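Asks: What follows is each chain in one-letter form.
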Amino acid sequence: MALCRRAGLKIVLCCALAVLCILRQASSVSAAADFDPNNVYGPRIDKLCMVIITNSDAQIMAAEKGELDIISDITRPSDIDRLSRNPHLKMSLARGYHAFFLLLNNKAAPWDNKIVRRAAAEAIDRNNIVRTIFSGYCEPINSWLPPVSPWALPESTRNIFDRSEARSRLKKLGYRWNISGRLISPDGKPLETLKLLTPLASVAPTTAELAEQIADFLSAVGFPVEVEPMDFSAMISKLDRKDYSLAVLAWSMGRNPDSLYSFYHSSMDVAGGYNMTGINDRPLDAMLKRLRFSKDKRSAEAASLKAQRLLADLVPSVPIYSRFSVAAVSKEWKNIFTTDKITADNMWTVMMAEPVNGRMRPMRMLLADEPRNLNPFVASSAYSWQVLGFIYESMIGTNPFTLEDMPDLAAAWEIRTVGAPGRQHTDLIFRMKPGIKFNDGSVLTSYDMKATIDFLRKNRIPRFFDSVKDVASVDAFGDGRLIVHMNGVSYWYLDNIGGLPCLPRKVIDKIKDWQNWDPMDRQGRMGPYGLVGSGPFILDEYKPGEYLMMKKNIYFRMLHNSRKDAAK
Amino acid sequence: MNKSWLLRRIFSSLAVLAAVLVLNFLLFRIMPGDAVSTIIDPNFSPEAKNRLRALYGLDRPLIEQFFIYIKQMLTFRFGLSFLSRKPVWDELMSRLPGTLALMSSSMLLSSVIGIWLGVKASLNRGRWIERMVLRAGAVTASFPGFFVQLVLLMLLARTFPLFPLRGSMSIPQPAGTSAIIFDYIWHMTLPVITLTLMGFGGWALYVRNLMVRTMGEDFVLMARARGLTERQVVYGHAFRTILPPIITIMLMSVPGLVSGAVITESVFSLNGVGTFLLAAVSGHDYPSAGAAFYLLALITVICNFLADVAYGIVDPRVRIEAGNK
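For the protein sequence lines, the chains are L and Y, in the order given.
For the first sequence, our numbering gives the first residue as 8, with consecutive numbering after it.
For the second sequence, our numbering gives the first residue as 2, with consecutive numbering after it.
Same shape as in the complex, but just chain L:
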């Protein structure tokens, strides 16, 4: 047993070394250490071509063949290995926001006891899963936030696998084992078979394989677990009704910890809510509420830490692993930017990239699916926003090194808690950068941002509903100030409002029907033609199913900075 463990440890170390090699390779691609995200000039390329390739094998072949300059979100270990060996490509690897969990129905036995839940968490060998299924290209987690988040617990990747400890916990609770190793509950009855719900292998083969492994680990301590594959919608429907015992599910989380409220607060244990484990714990509720409605960053940090510690004690679900983000970039380009938190397929790379041979050509970036809709009010897919993200900007951006807030359209901001005690509310004061223009040459002012926020509020647009639902009023001033008065108190309002895309007021005023508005409709039946934003690129050409050609926004603020710099 000890030998096996030692061998396992060696293999994990080998995998870690391999990943570190890729990280080192990635770091060699990184921009210079004196990189200042506030002072970048670009875009230096004239055109960015987003090539739509839906088949993952064809994507890899296209990258190998040189038809793609940037390919992102490579998930299969075999593909990562294959591309790593390609002499024309550089790999880039970063910790991701993805997290995979084993959900336990906290409302049904045996998972209604936190000791049993903890025993289950200790029974699962995450390192083994990472090694055998993912060849080391992900990290085992013991945290309810992805380790990349600046808010995650420091011990978020600690290995808690300890089968004997799990058995001893169960024994102390009064559990016994029958002759076949199956658990007998303290009331003397053998545990009934526990179904572990998983998506179908044909849809999610890795998840299905993972579920089998988890079932084996749990069975090894006596839980009679049986995997039950089913259609994803059917599975979500069962989770929603709490008609399950165990389930596996992955989701992408943001960098902020306020999402914990959505997943573990008892008020979210409603139809369509995300508290799928059904955890209902008063101290946790109180802490999550404190976290969600913190006045400032310091109190948010304290509440986040305490909430995560409470979750570690309650174990409503079992964190399993977080996948690394992996991208590959052609060596034909220089100034590729990457950190340990973002892969090379980022805005900074596209801003700064230049061809090594000096001959300018369009940079080709993979778009793994059709964007379907480019109306920013209804676009919901990641692919649509991969495109729109180059066109629209928001007031606050994300620092690529720290993942903290950094200025984007706003030069500075302030959060104030105002009002008499008991009737306090948050005021967000933004100061917009001067001289910013939209891609049609018109000037961007705080009035445009106000018009955008008011439009989103008035129409209760689902995608932005949660961000603006607590906005009481918005005031814009000629000196570039924008004051957003909120109805309640929360530090997170800053990111909710600061992350909204900014559209020109003149465009918003002409939109007749936001739902049916097609910015690609030259006849402008439901609203004006074109996507007018302040981002670094303009949509030049869209061939559905084939590609999107973006061209440099000649009014982009950082492009002008570069001219000034060059003049200096």
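Among the hints, erroneous ones may be present.
Quick list of in silico lysine to any residue cross-link-like pairs, SDA-like style, CA-CA up to 25 angstroms [stated by the list, open to error]:
id, chain 1, residue 1, chain 2, residue 2
1, L, Lys558, Y, Ile181
2, L, Lys202, Y, Ile31
3, L, Lys550, Y, Leu101
4, L, Lys465, Y, Glu48
5, L, Lys558, Y, Met170
6, L, Lys249, Y, Lys50
7, L, Lys245, Y, Glu48
8, L, Lys444, L, Lys559
9, L, Lys550, Y, Ser267
10, L, Lys550, Y, Ile172
11, L, Lys550, Y, Phe164
12, L, Lys54, Y, His188
13, L, Lys72, Y, Pro162
14, L, Lys54, L, Ser388
15, L, Lys202, L, Asp169
16, L, Lys296, L, Asp247
17, L, Lys54, Y, Pro173
18, L, Lys457, L, Gly537
19, L, Lys465, Y, Lys87
20, L, Lys341, Y, Pro173
21, Y, Lys87, L, Met533
22, L, Lys114, Y, Asp42
23, L, Lys302, Y, Ser46
24, Y, Lys87, L, Leu374
25, Y, Lys50, L, Trp258
26, L, Lys465, Y, Asp42
27, L, Lys550, Y, Met170
28, L, Lys457, L, Lys517
29, L, Lys559, L, Gln393
30, Y, Lys50, L, His105
31, L, Lys72, Y, Asn272
32, L, Lys202, Y, Pro33
33, Y, Lys50, L, Asp292
34, L, Lys476, Y, Asp42
35, Y, Lys72, L, Asn523
36, L, Lys296, Y, Glu48
37, L, Lys550, Y, Ser105
Hints listed in this document are in silico derivations from the structure and should not be mistaken for laboratory results.
Note that the coordinates shown come from a computational prediction; the quantities given were computed from them, not determined experimentally.
Chain L is fixed; fit chain Y onto it per the hints.
Replies: Coordinates of chain Y only, in the frame set by chain L:
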């Protein structure tokens, strides 16, 4: 083929369509979940989900949804896709030309090659031609499509780059009509070859079996006894008698031309109806899936009807039987 027979066929076709309409509505609603329930995003609260559900019209009573749906289907105004928020009709029509080009050319090629090989095999029983056709037919018809396509893609687009890896046009698109047409043909060649390769075997085996049986019939012996040439015997008599089932299969393949080939479109990154349908069903996009299946049912019913009519044209026995009735 008299008037009452025609009326009976029309009524039965309408009954089938009505059943399809009802099932089309009910089956999607019986499926667990809806287009909103699978959203797992902590920044999308249950309240926002309900707002989205209201925008989709899913908060209305089922009976009201049903009547709206029937009206949409009968007027061919299928509403907006849940996923793209674009008119379903526009979505379908933008994908249909590509799908039709891919599927019709591959069906034409596979049926012509398959029929020709099937006839050849039946006329060369026990020889190497028959053995080759039988083996090739069995292999190509039974191989998993995605595997064949990926292997061919790897071989002919990556290792020996004779064809492009993706899509139906180059980036940037070449200038000039003839250049665009040539570029399109170049892009579609590999997908068409793979579909033809996978499709001809079935045709060859089917036609070979039909012909073998027919060539043993008395009327073939009689034709030979009359001193007709072998060509006249084979194509003027034997082949003509196997035309009705061939026509039926061809006409019943027409809905397939429209529904597209999900795997082929996915492997070659083609923007077709097949992948649209798959996304609609898996994403609970009721308007898109409902419209697409309704149109497919409509085409199937029409083709079925046409097959019956065509039977009468190519087979005199059907005309006589219908006339007697």
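Asks: Are the hints correct? Go through all of them and say.
Replies: Now the hints, each set against the structure:
no.: 1; hint: L:Lys558 <-> Y:Ile181; in the structure: holds (23 angstroms)
no.: 2; hint: L:Lys202 <-> Y:Ile31; in the structure: holds (23 angstroms)
no.: 3; hint: L:Lys550 <-> Y:Leu101; in the structure: holds (18 angstroms)
no.: 4; hint: L:Lys465 <-> Y:Glu48; in the structure: holds (16 angstroms)
no.: 5; hint: L:Lys558 <-> Y:Met170; in the structure: holds (20 angstroms)
no.: 6; hint: L:Lys249 <-> Y:Lys50; in the structure: holds (19 angstroms)
no.: 7; hint: L:Lys245 <-> Y:Glu48; in the structure: holds (20 angstroms)
no.: 8; hint: L:Lys444 <-> L:Lys559; in the structure: holds (14 angstroms)
no.: 9; hint: L:Lys550 <-> Y:Ser267; in the structure: holds (17 angstroms)
no.: 10; hint: L:Lys550 <-> Y:Ile172; in the structure: holds (10 angstroms)
no.: 11; hint: L:Lys550 <-> Y:Phe164; in the structure: holds (20 angstroms)
no.: 12; hint: L:Lys54 <-> Y:His188; in the structure: holds (24 angstroms)
no.: 13; hint: L:Lys72 <-> Y:Pro162; in the structure: holds (9 angstroms)
no.: 14; hint: L:Lys54 <-> L:Ser388; in the structure: holds (23 angstroms)
no.: 15; hint: L:Lys202 <-> L:Asp169; in the structure: holds (23 angstroms)
no.: 16; hint: L:Lys296 <-> L:Asp247; in the structure: holds (22 angstroms)
no.: 17; hint: L:Lys54 <-> Y:Pro173; in the structure: holds (12 angstroms)
no.: 18; hint: L:Lys457 <-> L:Gly537; in the structure: holds (21 angstroms)
no.: 19; hint: L:Lys465 <-> Y:Lys87; in the structure: holds (22 angstroms)
no.: 20; hint: L:Lys341 <-> Y:Pro173; in the structure: holds (23 angstroms)
no.: 21; hint: Y:Lys87 <-> L:Met533; in the structure: holds (12 angstroms)
no.: 22; hint: L:Lys114 <-> Y:Asp42; in the structure: holds (23 angstroms)
no.: 23; hint: L:Lys302 <-> Y:Ser46; in the structure: holds (22 angstroms)
no.: 24; hint: Y:Lys87 <-> L:Leu374; in the structure: holds (20 angstroms)
no.: 25; hint: Y:Lys50 <-> L:Trp258; in the structure: holds (17 angstroms)
no.: 26; hint: L:Lys465 <-> Y:Asp42; in the structure: holds (23 angstroms)
no.: 27; hint: L:Lys550 <-> Y:Met170; in the structure: holds (9 angstroms)
no.: 28; hint: L:Lys457 <-> L:Lys517; in the structure: holds (16 angstroms)
no.: 29; hint: L:Lys559 <-> L:Gln393; in the structure: holds (16 angstroms)
no.: 30; hint: Y:Lys50 <-> L:His105; in the structure: holds (22 angstroms)
no.: 31; hint: L:Lys72 <-> Y:Asn272; in the structure: holds (22 angstroms)
no.: 32; hint: L:Lys202 <-> Y:Pro33; in the structure: holds (19 angstroms)
no.: 33; hint: Y:Lys50 <-> L:Asp292; in the structure: holds (23 angstroms)
no.: 34; hint: L:Lys476 <-> Y:Asp42; in the structure: holds (17 angstroms)
no.: 35; hint: Y:Lys72 <-> L:Asn523; in the structure: holds (20 angstroms)
no.: 36; hint: L:Lys296 <-> Y:Glu48; in the structure: holds (18 angstroms)
no.: 37; hint: L:Lys550 <-> Y:Ser105; in the structure: holds (23 angstroms)
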